[in-house]
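On the provided structure of chain A, position chain B as indicated by the hints.
Protein chains: 2
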Amino acid sequence: MSALHQVFENGLEHVELLPATNDNHGGVIVEMEGAMGSEVFATLLRASVSEWRRQGKKGVWIKLHIGLANLVEPAVKEGFRYHHAEPNYLMLVYWIPDTICTLPSNASHRVGIGAIVLNDKRELLVVQEKSGPFQDTGVWKIPTGVVEEDENLFMAATREVKEETGIDTEFQEILAFRQSHKMFFQKSDLFFICMMRPLSFDIEKQELEIAAAQWMPLKEYADQPLTQKHKIFKYIADLCSAKMQGEYTGLSPLRITSAFNNSFSYLYLNSRDLNVSSNSSDQF
Amino acid sequence: MSALHQVFENGLEHVELLPATNDNHGGVIVEMEGAMGSEVFATLLRASVSEWRRQGKKGVWIKLHIGLANLVEPAVKEGFRYHHAEPNYLMLVYWIPDTICTLPSNASHRVGIGAIVLNDKRELLVVQEKSGPFQDTGVWKIPTGVVEEDENLFMAATREVKEETGIDTEFQEILAFRQSHKMFFQKSDLFFICMMRPLSFDIEKQELEIAAAQWMPLKEYADQPLTQKHKIFKYIADLCSAKMQGEYTGLSPLRITSAFNNSFSYLYLNSRDLNVSSNSSDQF
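Chains A and B, in that order, give the protein sequences. According to UniProt numbering, the first sequence is numbered sequentially starting from 1. According to UniProt numbering, the second sequence is numbered sequentially starting from 1.
Excised from the complex, chain A in its bound form (with noise of 0.2 angstroms):
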């Protein structure tokens, strides 16, 4: 019982709640860790609802480890729904007032970046797939990879063509990005287009994802049956030939502090047009 909140109501009878703490939204978030019977779960979710709605409380999580799915159950019977879920935990969520739902929604965005690597040749690092939609096709495409938890969309293109060719690159500037939806699962995505320095040229291809890896000419790349059919590859065709004669300016990166806990985070400009100074500011 000792991880159960106790409240004393009158100094007489006392109502065993679920451990909860107040979240900043006039809400509570429940953290199971502990092994707990579902049917006591089911006891003390009831009793604990019943005290929040009394307290005026709004938004209930309930965040349970996976080794708890024995209370997945009784909680979608209490009236819960799925928040959203990790390999280790799911969260759920229930909304107690008649009031319309505030809540906030779930990660909605997968997040993905394709890398243009041009040498002083005007030739583009291409890769051909082993699996997905580009398998078998022969089409040679830039290197795309998705952008992990926590990781900066310059880091990540960086490392997605490490990976898949061996090329050491300098992160330059976003040229491009587009929002898709209905993509993987459902999801929105966001594709960020990367210009990127060689720092290396010889390549060295990955084996479990590319089945081919080479410096193709530009012009080769553009000409491609699959580039004239697919906007996306005619752009990025577009992108390398304004790039190469000087004419474009994406937006790079500068480092800035967050404003509430003091970690740092990255805002992308157009650093020409705003002739953002090193000296303004934590420059990437």
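None of these hints come from the bench; they were simulated from the model. The reader is advised that the hints may include incorrect statements.
Identical copies go unnamed one by one, so any copy, or any two together, can satisfy a pair.
No more than 30 angstroms apart at the CA atoms, straight line, and that leaves these computed lysine-lysine pairs for BS3-like [stated by the list, open to error]: (1) 63 <-> 77; (2) 182 <-> 57; (3) 205 <-> 57; (4) 182 <-> 63.
Predicted model only: the values in this text are computed from it and were never measured.
Same frame as chain A, now just chain B:
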């Protein structure tokens, strides 16, 4: 039994398996919809995974409607982990091979917008919020909000400004964006700063979230103590100044047709530098 697939082996025995379809990456997807007892499910799941292992399958996905919360525990007991959840379902996953797991990760980013709306008196549309980190701070900030599932960035910006202030706007371009980590529920965050042209000027603030709204001289916004302290406020002020002087170009949306399913997506690029002409694509 009609929902179950049967595999006949040697013409003698058959093994009942869970209903599954193949994915494009050597795995299988099980979508459970009808009710099933947890013990029957556990038995079928064990037999199915065994069969899929024999067939050399890789990832096994199980999508459980929330009405089947009783099946979460047996799946976890068979070694499944959570992949992601939406209000009405939970996706679990199991990687069969001994090789490194190449399953795609969950949506990792929440996406938000902030809207810069300037009138021709050099005044910025600003609000004070009733909740959140700026509650009771007296700080005036630009309207911000979360991009909803399947919502285009430019639509989200127009919607949030209208909801919070009643002002109609026309989206112009993305001026900059910030990537932060370990934000809400430890997820990463992309925050897009949008330039909007006002189409109306009479403010009608929203009651639920907004304490006050006004057109504020840009200098007053920039001179707020918090603007000095928080770099993101400072850069928003700098971007306003640059835009008013006509010196800054961001990224504007072009509608392009998605390569695989003929749906639309939007590519945001520096259309001034790329010289995008309206006959070269589906112009925004």
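Consistency of the hints with the structure:
Proximity of residue 63 and residue 77 under a CA criterion of 30 angstroms is satisfied in both settings, with 16 angstroms inside one chain copy and 19 angstroms between copies. Taking identical chains as interchangeable, the C-alpha atoms of residue 182 and residue 57 lie at most 30 angstroms apart only when they sit on different chains, with a minimum of 26 angstroms there against 35 angstroms within one chain. Proximity of residue 205 to residue 57 under the C-alpha cut-off of 30 angstroms is restricted to the inter-copy arrangement: shortest distance 26 angstroms between copies versus 56 angstroms within a copy. Taking the shortest alpha-carbon separations for residue 182 and residue 63, both the intra-copy value of 27 angstroms and the inter-copy value of 17 angstroms come in at or below 30 angstroms.
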